[in-house]
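Sequences are here, hints too, so could you generate the full structure?
Chains as they are written, first to last, in numbering that gives the first Met the number 0: chain A, 0 to 746; chain B, 0 to 746.
If you're looking for bench data, these hints aren't it; they were derived computationally from the structure.
No experiment lies behind these values; they were computed from the predicted model shown.
A couple of the hints might just be wrong.
Since the list can't tell identical chains apart, any single copy or any two copies may satisfy a pair.
[Unchecked claim] Calculated pairs, EDC-like style, for lysine to aspartate or glutamate (alpha carbon to alpha carbon, straight line, at most 20 angstroms): (1) Lys-704 to Asp-673; (2) Lys-424 to Asp-591; (3) Lys-717 to Glu-674; (4) Lys-479 to Asp-275.
2 protein chains.
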Amino acid sequence: MATSSSLTVSQALVGRTISNNSTLHSDRLSLPGFNHSTRTLLKSSFTQTIRISRSLRKNNNLISRSSSSSIKAQAVETLEKTDTALVDKSVNTIRFLAIDAVEKANSGHPGLPMGCAPMGHILYDEIMRYNPKNPYWFNRDRFVLSAGHGCMLQYALLHLAGYDSVKEEDLKSFRQWGSKTPGHPENFETPGVEVTTGPLGQGIANAVGLALAEKHLAARFNKPDSEIVDHYTYCILGDGCQMEGIANEACSLAGHWGLGKLIAFYDDNHISIDGDTEIAFTESVDKRFEGLGWHVIWVKNGNTGYDEIRAAIAEAKSVTDKPTMIKVTTTIGFGSPNKANSYSVHGAALGAKEVDATRENLGWPYEPFHVPEDVKLHWSRHTTEGAALEAEWIGKFTEYEKKYKEDAAELKAIITGEQPTDWEKALPVYTPESPADATRNLSQQCLNALAKVIPGLIGGSADLASSNMTLMKMFGDFQKNTPEERNVRFGVREHAMGAICNGIALHSPGFVPYCATFFVFTDYMRGAMRISALSEAGVIYVMTHDSIGLGEDGPTHQPIEHIASFRAMPNILMLRPADGNETAGAYKVAVDNRKRPSVLALSRQKLAHLPGTSIAGVEKGGYIVSDNSSGNKPDVILMGTGSELEIASAAADELRKEGKAVRVVSLISWELYDEQSDEYKESVFPAAVTARVSIEAASTFGWGKFVGSLGISIGIDKFGASAPAPKIYKEYGITAEAVIAAAKSLI
Amino acid sequence: MATSSSLTVSQALVGRTISNNSTLHSDRLSLPGFNHSTRTLLKSSFTQTIRISRSLRKNNNLISRSSSSSIKAQAVETLEKTDTALVDKSVNTIRFLAIDAVEKANSGHPGLPMGCAPMGHILYDEIMRYNPKNPYWFNRDRFVLSAGHGCMLQYALLHLAGYDSVKEEDLKSFRQWGSKTPGHPENFETPGVEVTTGPLGQGIANAVGLALAEKHLAARFNKPDSEIVDHYTYCILGDGCQMEGIANEACSLAGHWGLGKLIAFYDDNHISIDGDTEIAFTESVDKRFEGLGWHVIWVKNGNTGYDEIRAAIAEAKSVTDKPTMIKVTTTIGFGSPNKANSYSVHGAALGAKEVDATRENLGWPYEPFHVPEDVKLHWSRHTTEGAALEAEWIGKFTEYEKKYKEDAAELKAIITGEQPTDWEKALPVYTPESPADATRNLSQQCLNALAKVIPGLIGGSADLASSNMTLMKMFGDFQKNTPEERNVRFGVREHAMGAICNGIALHSPGFVPYCATFFVFTDYMRGAMRISALSEAGVIYVMTHDSIGLGEDGPTHQPIEHIASFRAMPNILMLRPADGNETAGAYKVAVDNRKRPSVLALSRQKLAHLPGTSIAGVEKGGYIVSDNSSGNKPDVILMGTGSELEIASAAADELRKEGKAVRVVSLISWELYDEQSDEYKESVFPAAVTARVSIEAASTFGWGKFVGSLGISIGIDKFGASAPAPKIYKEYGITAEAVIAAAKSLI
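And the structure:
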C-alpha cells in the first residue's frame, strides 16, 4: 500500500475517475490506471469539495463530526416546507423533460418516466444522499433503473439534481451520436449512472450486488463509534424485469442474505410492449416476493400519492433484516389523455399533437425542456447539501483513519482501486518438477494466495465450489449473519451471479469480484457477462471443466464453441492457461484489468507443468514456449492453448527427435496477443513459415487467423460425448499423433 | 398431403424414427427424412404392435373402442394386488441398479435415484401410460427428468419397463463410449428419453412445452366423441432446477396457461452440491409456486410414503385448471448408512465399502445389476399393456379419421412430421421492384404464408411481437381458455421461451415451433438454444434488430459477436438474409431442417430487394448474386450478409463503372456453404482470386476463412453506440466507400 500524504488520501477518497473519453471505452488497448489529466481532475474535484464544505461550515455550521443527522433533518425540513403544488410542478417537470427529449429524438420511451416521475422525484429530492458534483463519492446512495428503457427519468433527475453530466444540451441530444444521454443508461458514458441497464432484469441483480457490497463493507469496516459505510441501494424495475428469470434468482439471494438496505420499487403499470400484462403475466408478484423472503408494500396510487410513497420508504427503512419491494401501481404515460395506460406510450414518441394534449391536460404552459425557476431553485440545494455530505464523510474518514489504521488502509484500497504494491509477488511459481495438477486446482492456489493481498477479492461459485475449487480457505461464508466474510454462495443461479458481480465491481473500483461455474454454463449468464464487458466491470469468471476433458458428464456439459464465442466478444479477455505458471499469469492479467472482465477456462483433468511457460509470456497473450530452430525459421509451428499445449509439446518432442526444427507457441489470450507490436508478432509467427498446426479441444472457428490458409487446425466441430476423457480425446483425434501427422503433411 | 394407404397411415402413426445412428447426430450434413432402413424399422415396429394387440384382443378381450378405462382399471387392479413388500423390492431394485451402474462407471450421481426411486416406481409402474416397444407412440404420457444428473433413475425405470434401449448391458456400460446410457439423459441416444437434460432448469421448461403441445392439440383436435389427444406430462426437478431463473419463467407461464395436465415432482432433499440448501436457498418454494398459480401439495415422506405419493398424484389429476407441484421431501442417497443426506452422495460413486453397507442396510442380498424374478415378472406386463394401449389408440384414430378427415390429416402431419407437399410454394416471391422493406417485416410475410400450409407452425415472441413481427394474423392467442390458437405470448422470458419451444419440437416431429426476440437477447437463452442444437429440435429463432442498424437503443441492444458465436456452435444454422427472397429462402431451409435449429437474423431497417437473390441460392449457403467477370476470374470478390449485401452491391456497381470485374457473393449461411462440393466452392471463390473484401455489421471474427490472408474484412470489433442508424454506419465505416477503398487497395 502506498504511503499517503493528506492530499493523496483525499484524492483517493474521491473514488473513481470521471472520464469523458469515450475512446477509452471502445479501445481494447487501454489499460486501467490514472493518467495525468485524470489526476488533475481528481485533485480539482477534491479541492472543490473542500472549498464548498468550508464555505458551508462557515455559513450555516452544517459540518461537524455529528452533522449527518442535522443534514438529514434539514432535508426533511425542506421537504416539509415544500408544498404539494411545488412537488407537482417538479414531477411534471420530470415528465415533460422526458416527453420533450423523446419527442426531439423521435425515439425513446416516454411512458415509464411519466408514470414513475413521482417516485423518482421523492427519491432524488427527498430521500437519497449523493453529491452531484462528485458522482463517485464512495458513501452515496446507489440508484439503479433496472427498467433501463425509461432512462429519460434518470437523465431528468440527474439534470435537476445538478449533475454536470446531464446539462440541458445533453437532454437535447438524447440518443444522438456522442451524447452523454444514450438510449439506455450507461455507466461509462454518464457519471451519475451506476450500472448499465436495458437488458431486462440485469439492473435489479446489479442492485443486489451493490447492496451486498455495502452490507459486506459495513460489516467489515464499521466500528461502534463510526459507521463509515452506510448507504442504501434503490432500484426501479418494471413488469419486464419481473418476468425475467435473472430477477427471481437475484431476489431469492437478496432475501436469503437479508439485504435490508435494498429497496426496490416495482412499477406496476400493467402494460408491457405487447399490451396488457394479462396476456402473459398473471402471477401474484406480491406472493412470490413474500416467498422469496422480502418485505412487500403496496402503494396503490403511484401517480399522485406522494405521502403513500414516502410512508412506504419509511416503512422499508424500518425493516432492516429483509429487502423491501414497494409495489407502486402507476399509469404508464400518466398525463397523456389519449395514450396513457396503453402500450403505445411505452416505446415511441407521443407525437406533436399528443404532446400538446398532454401539456394542456397537465396544465404545462412551458416551452420544451424548460425547468421553471421555482423548481430549479428548489433542487439547487442539492449541490451544497451533497458537497456537505461528502465533506462530512471525509472528516469522518479522517477520524476513522487515525483510530483504525489498518482497516482504513484496506477500505481505502477498495475505494480507490489501488492494489497493494507488489501484490503480484504473492502469486505462486511452478517448475516442471511441480506435481501435475488440474488448472482448476492451480486456480484455487492462486485465489488463496491473492486472498491474502487483495482486500477487495470476493466471490464464489454457483453451487460448484468444490468442483470449481473457488473457496478462499482463510475466510468464511458471506451470509446474512456473517456478511464480513468473503466466500459467496450463489446457489445454482449463474445469470444472477454474473450480474451481482457486476454490481460489486461497479460499487467500488478496488473490488475484485470473481464467480465460478462450469465453462459450458456461461450460456446461462452470457447476458451478464456481456454487460461486464460493456460496462467495464472487471469481473473474473472462473470457468472450470473447460472441454471434453471433463469426460463422463457428456455433451450437455462439454463446451465446444464457447472459447470462440468469447474471443468474438468485445472488451473481454478469454484466457485458457496450460499449467501452473500460466494460471498464475492469467490471474495477474485478470486482476490488472479492472476495466475489462476475464474469462479463465480451466481444466478438470491434471496437466503437467511445461518448461517455458511464464507469467510474462501470458501477459503477451501468445509466446514461444519451446523452440529448437534458429534464425526465426522453424520447419513448423505448433500452437495450442490450455490442456492441449501439453499435447503440442509432446508432438514437438517427437518431431525434434526426427531432426525437425519445431516451435511451440502458447496462445493463451488472443486479445492480448492482438495488442502486441507487429515486430513481436513476426518474432512469434514469422510470415515466411506457413507450416502451422493448431490444436485445441474446441471449435476450430477462428483459428484460420493463426494457421493461415495453408495450415491445419485440429479441434472439435461437433458436440462431445459421454465417456472417460482419455477415450474421448482419442476418438476425437485430439492427440499428439494427429499433430505429428498434420505437421509432417506440411513440412 | 400424401394420400395414405392403410399401411402408410399406420407407419405414420408410429411417430418418429428410432435411430441408432449416432453418426447421424453429429453429422451436420444429414437432412431429416426417412431412409430405407428407417422405413423398415417403422414397418416392423408397427407390425409388432399389431401382433401384440391382436394377441391381447384374443386372450383377454382388452381391445375395444372403449377399452381405455378397462386397461386403466387393470393397471389399478394390478397395483392393488401388489403388496407393499413387492413395491419395496422394486424400489430397492431401482436404487441398486443406480448404485451398481455408478459404481461400475466410477462416475455418476447415485443420490437422486436412491431418494426418488419411490416416486419413480409409482410413476412408471402404476401411473404412466406408454408402450415400451414403441417409445414414440404419439399419445404416451411424457416424463422429463429435469434433474438430469439423476439419469440412472430413468435408465433403471426404462430397463424395468421393458424398453429395448436400456438392456442390462446398457446399464453396465453407463457413461462409456458409444453406450445408450450417457451421463445425462439424451433423447437422441436413448429412445424413451423425451428431451435432453442436465443443464438445470431446462427440463421443467421442456415439460411446460410438452404440456403446452398436448393442451393445444387436444383443444384443436379432440371431439365430443373422441379424445384423440390425451396425455399427461410428468417431471421430476430438484433444488438446483428450482434455483434457476429459467424454471421460474417457465412455471410462471405454466400457471398463466393453466396447464392442468402438467404434474411436477419437486425432489425436496435439502442437499445441493455445495452442502445443505440452507447456505443459498431458504426461500419458501411453496409460497412462490402458489404465487405462480400452481396447485401445491406436500408429500412429507417421499422415502417410503407410497400412499402419500399416490394420493398426491390423484389430487393433482383432480385439479384440471392448474399445474400441480408435488413437493416430495426425500433423503438424498436413502439407504446409505453413512452418506445419505449429505452432498457426498450427490455426484460420486458410493465406494465398495459403502455399497456393501447399503446392501446390508436395505437387506439386499443380490449381485450387482440383478433384478429379482418377482420384480421382473411384476414389470413384465408393461410390454403387453403398452402394446394394447397403443393398439387401442390406433383403433381410435382409425375411427377418428373416418369421421374427421381434414382434422385427421392435419393431426397426422403433426404426428409424422410429413409436411404437406409443395408447402414451400406458399412462400412469397419478390422482385427488385418490390418495395424496400425490413427483413423482420418480410419474415412476417413468410410466417403468415406458412401459417396457412404448415399445420404444426406455432410460436411467438418474448413480449416483442410488434417489433419482431411474429403474429400469425389468421390465428388468435394461445391462452388458458383458447389453447387451440397458435400465437404464443411468452412474456419477457427468453430462456424459458427457447426451452418451451424445444419441448414443443420434441413432442411431435411435425411441430415447427418458432420464437422471437431481439438478436442480442439470444444471450439470455443461449442455454436453451444449445440444447435445441444438441437434441435435434428444429426450433426457428426469429431474431430481429440484428445489428447497429437498430440505432438509438444503443450498445446494450446491438449484437456484435452474436453471429460469430452461432457460426461456431455445432448443428445450428445461422442465417442472415439480405432481402425478401433470401428471407423466404431462410424459411425454406428452416422448415426443411427439422433436426437442427435455425437462427434468422433480421433487420429493423428497410432493405432493397436485390437482383440475383434467390431461395435456391440460400439453400447453398453462399452464392453469386451478381458478377460482370468472365472465366471465373473477377478482379475482386465482394461478399456480405444481410443488410450489408446491399452495401456490397452498391460498391460493386461503382467499381464496375470504373471498369472493374466484380463478383458479389451472399454468404447467408456458412454452415450450408460448408456442405457444398469443392467444385461448387471453387466456382464461387476461385482459389486464384485473392482480392476479397467482406462486409458485415458485426464482429470480423472468423471471416478470415473467406477473405483469406490477403483479403480485408470490414466489420465491427467493438461495442455499438446510441444514435440514428445511418450515423452509426457512417461513423463505424460500414459503407460502400469503405468497401470500394478496400477493393481498390487489393486489385
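These are the hints, each one checked on the structure:
Within a single copy, Lys-704 and Asp-673 get their C-alpha atoms as close as 11 angstroms, and across copies as close as 18 angstroms, so both meet the 20 angstroms cut-off. For the identical chains of this complex, Lys-424 and Asp-591 are intra-copy neighbours only, at 13 angstroms inside a copy versus 59 angstroms across copies, given an alpha-carbon limit of 20 angstroms. Taking the closest pair of Cα atoms, Lys-717 and Glu-674 come within 20 angstroms of each other only across two copies (14 angstroms); inside a single copy the shortest separation is 31 angstroms, beyond that limit. For the homomeric pair Lys-479 and Asp-275, the shortest alpha-carbon distance between copies (16 angstroms) is at most 20 angstroms, but the shortest distance inside one copy (38 angstroms) is not.
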